[in-house]
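Chemist: Working from the sequences, and respecting the hints, build out all of it.
Chain by chain, the residues:
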Amino acid sequence: MGSFSFEFLFFFLFGLTALSSALGVVFIRDPVKAAMSLIGCFFSLAVLYLLQAAELIAVLEVLVYAGAIMVLFVFVIMLVEHHDEPIVKHSLFSRVAAGVKVGAIFLVTVNLLATVAGAGADFQANITTLPEDFGSPAAVGRVFFSDYLFHFELASVLLLVAIVGAVIISRDEPRSEGEGEAR
Amino acid sequence: MSQPTVPIVWYLILSVALFSIGGLGVLVRRNAIVLFMCVELMLNAANLALVTFARLHGDLSGHIYVFLVMAVAAAEVSVGLAIIIAVFRERATINVDELTDMSG
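Respectively, the protein sequence lines represent chains A and B.
Going from the first sequence to my numbering is simple: count from 1 and add 2.
Going from the second sequence to my numbering is simple: count from 1 and add 44.
Hints listed in this document are in silico derivations from the structure and should not be mistaken for laboratory results.
Treat the hints with caution; some may be incorrect.
[What the hints assert, rightly or not] Only some residues are given here: those of chain B computed to face chain A with a beta carbon under 10 Å:
1) 56
2) 91
3) 114
4) 124
5) 143
6) 146
Don't be surprised by glycine CBs; every beta carbon is placed ideally from N, CA and C.
Modeler: Put into structure tokens, the structure is as follows:
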């Protein structure tokens with residue numbers, strides 16, 4: 003029972019951090035500060051992954067999301083000169099409508115979860131005892147390169163296409179002027 | 045190995061909450077970059093649910109899908125941000141309310 007309070011403590015600590023920094027992303031006006039808040043959210047999610055024995059995923063979360071992807075975001079924020087969003091753009095009605103929609107989605111899903119948890123005996127009782135190396139890079143890699151090899155190759159092709167596409171799209175093109183003159 | 049003690053449902057509720065917050069952000073924010081960040085938030089909420097179910101069933105397939113979601117997210121972000129830069133170069137704005145050329 004030693005780990006009992008431990009896991010609870012970490013779940014609440016980092017769950018609340020994740021929630022509050024997610025709210026920060028939505029409600030902080032300055033995009034740079036919103037990005038920093040999102041990084042905080044990714045770090046606390048990484049801890050939540052660790053709590054669930056997903057070591058490789060936790061490391062990837064920090065490396066890929068908090069590292070690579072957010073650096074990309076911050077760079078683009080830097081490139082795109084931002085003026086703060088105008089404060090009153092939406093009518094009160096549309097704000098309330100957005101809140102009601104999202105709240106409805108949340109409530110319906112939680113209700114669904116509660117129904118499933120109530121009907122399907124006990125969620126908790128179904129938890130299988132995990133093998134010692136569950137979620138370790140070796141274990142994930144073994145599954146990846148046997149059952150999901152095709153998906154892995156697809157992902158690599160997708161990333162290659164995305165890189166080429168990003169370069170072509172964001173290229174500073176004298177092309178459009180040249181073509182315009184040619185026609 | 046000790047059994048997990050925090051109820052599975054709590055993780056799922058946290059995941060739904062994060063997803064809803066991300067959805068709220070997509071609806072209320074008008075800066076295209078921040079919209080993208082909110083989409084990332086929603087993807088991460090889905091990842092949390094996948095990891096939770098992976099632990100529930102003791103099946104590593106969930107982790108594989110999280111990996112693939114990350115790969116797709118990276119591809120999506122690189123292309124999306126390139127589009128944002130291209131649009132900004134053309135129009136000098138990334139406010140999605142002013143980018144209405146393709147709406148009917």
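Chemist: Taking the hints in turn, state whether each one holds.
Modeler: Do the hints match the structure? See the list:
Restraint check, residue 56 of chain B versus chain A: the minimum CB separation of about 5 Å is within 10 Å; hint holds. Residue-level restraint check for residue 91 of chain B holds (minimum Cβ-Cβ distance to chain A is 8 Å; threshold 10 Å). For residue 114 of chain B, the shortest C-beta to C-beta distance to chain A is roughly 5 Å, which falls under 10 Å, so the interface hint holds. For residue 124 of chain B, the shortest C-beta to C-beta distance to chain A is roughly 9 Å, which falls under 10 Å, so the interface hint holds.
A cut of 10 Å between beta carbons decides the hint on residue 143 of chain B: the least distance to chain A is about 13 Å, and the hint is violated. The interface hint given for residue 146 of chain B is broken, as the beta carbon of that residue sits about 16 Å from the closest beta carbon of chain A, more than 10 Å.
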